[in-house]
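Trainee: Using the hints provided, position chain B relative to the given structure of chain A.
Chains A and B supply the protein sequences, listed in that same order.
1 is the number of the first residue of the first sequence in my numbering; add one for each residue after it.
138 is the number of the first residue of the second sequence in my numbering; add one for each residue after it.
Calculated from the structure, these hints are not laboratory results.
A couple of the hints might just be wrong.
Said to hold, decoys possible - Partial list, computed: chain A residues near chain B (C-beta under 8 angstroms):
hint : residue
1    : L40
2    : E43
3    : R101
To be verified - Straight-line C-alpha distance at most 27 angstroms; calculated BS3-like pairs for lysine-lysine:
hint : chain 1 : residue 1 : chain 2 : residue 2
4    : B       : K142      : B       : K222
5    : A       : K133      : B       : K222
6    : A       : K134      : B       : K222
What the hints assert, rightly or not - DEER-style ranges, computed between Cβ atoms:
hint : chain 1 : residue 1 : chain 2 : residue 2 : range
7    : B       : N139      : A       : I128      : 29 to 39 angstroms
8    : B       : S175      : A       : E100      : 23 to 33 angstroms
9    : A       : K57       : B       : K235      : 36 to 46 angstroms
10   : A       : K90       : B       : T239      : 33 to 43 angstroms
11   : B       : I227      : A       : K27       : 24 to 34 angstroms
12   : A       : I128      : B       : Q242      : 46 to 56 angstroms
13   : B       : S188      : A       : E100      : 26 to 36 angstroms
14   : A       : K27       : B       : T178      : 42 to 52 angstroms
Glycine residues also receive a C-beta, built at the ideal position from the N, C-alpha and C atoms.
What follows is each chain in one-letter form.
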Amino acid sequence: MEELIIITNRVDQLPALAEKIEELSEKWNLPMPLTMNLNLVLEEAVSNIIFYGYPDKNEHTIKISVSLLNQEIEVEIEDEGIPFDPTSMKQPDVNLPAEERPIGGLGIFLIFKIMDHVNYKREQGKNILTLKKKIQS
Amino acid sequence: MNITKEKINGFCVLKIEGRIDTTNFNSFEKEISGIISSGETKIVFNCKNMSYISSSGLRVFLVAQKKMMAINGKLNLCEMQPTIKEIFDISGFSSIFKIFGTQEQALE
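So that you can see chain A by itself, here it is in the shape it has in the complex:
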């Protein structure tokens, strides 16, 4: 089973994306915590593209495909923005006390912690981020 969701690089597209994921989860009977986590990782990844991917500030499309196969959810996010490899980002130190914690930098970290598998590739001018997570029954 596979669904393709196409949005543009605007923050006001995020609620529609979340709604699509809710619909899919209902259709595929996904557990509620997984739905929330899928929404979270998608928001983190897509909002990064929206905020930093397109310095020209013009309208661009972001393609998101979500598939379910062998009890595993796979999400592929494709954009034509500037090259950005989340796997090369420095992970924040989550053991620091509040005074020393920097503001921000948690979004990508959450994607890595929540998903089982994160893969990035740059192909034909596109960023392709693939995220996978097994469904725990």
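Mentor: Quick look at chain B alone, frame taken from chain A:
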């Protein structure tokens, strides 16, 4: 997202309802900053009806905690949903905040 404010035992109790995400964290931050700068030194966030938080929302929580620590104030959280608590655990926020099971405990 909706916030209701109540004064109980000298604490300013804020009930946070709904989602805190990229689309609304700015207004959440404004509201919280306004309350802190109005001179409240003891604040409880009741998170019972907070259904979702992303890194933008976590950011506001951290900013609030830094501000409260700077004035030697108290910021207690309570009644968090398990899925949200998990996000706090992963982010290391569970050790940055005091998180209580009930509002009554958070008011001490």
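Trainee: Work down the list of hints and note, for each, if the structure agrees.
Mentor: How the hints compare with the structure:
Interface restraint check for A:L40: the shortest CB-CB distance to chain B comes to about 6 angstroms, inside 8 angstroms, so the restraint holds. For A:E43, the interface hint holds, the least distance from its beta-carbon to any beta-carbon of chain B being 5 angstroms, beneath 8 angstroms. The criterion of a C-beta within 8 angstroms of any C-beta in chain B is met by A:R101, whose closest approach is roughly 6 angstroms, and the hint holds. Taken as a hint, the B:K142 and B:K222 pair is honoured in the structure, with Cα atoms around 22 angstroms apart against an allowance of 27 angstroms.
With a C-alpha separation of about 20 angstroms, the suggested pair A:K133 and B:K222 falls inside the 27 angstroms cut-off, and the hint holds. At roughly 21 angstroms between alpha-carbon atoms, A:K134 and B:K222 fall within 27 angstroms of each other, so this suggested pair holds. Distance hint for B:N139 and A:I128: a CB-CB separation of about 38 angstroms, consistent with the stated range 29 to 39 angstroms. A beta carbon spacing of about 27 angstroms between B:S175 and A:E100 agrees with the range 23 to 33 angstroms that was offered as a hint.
Distance hint for A:K57 and B:K235: a CB-CB separation of about 42 angstroms, consistent with the stated range 36 to 46 angstroms. Evaluation of the 33 to 43 angstroms hint for A:K90 and B:T239 yields a pass: the beta carbon distance comes to about 38 angstroms. Judged by the Cβ atoms, the range 24 to 34 angstroms given for B:I227 and A:K27 holds: they are separated by roughly 28 angstroms. Distance hint check: the CB atoms of A:I128 and B:Q242 are about 47 angstroms apart, consistent with the given range 46 to 56 angstroms.
The beta-carbon spacing between B:S188 and A:E100, approximately 30 angstroms, falls within the hinted interval of 26 to 36 angstroms. For the hinted restraint 42 to 52 angstroms between A:K27 and B:T178, the CB-CB distance of approximately 49 angstroms keeps it satisfied.
Every hint from the earlier list agrees with this structure, and none is contradicted.
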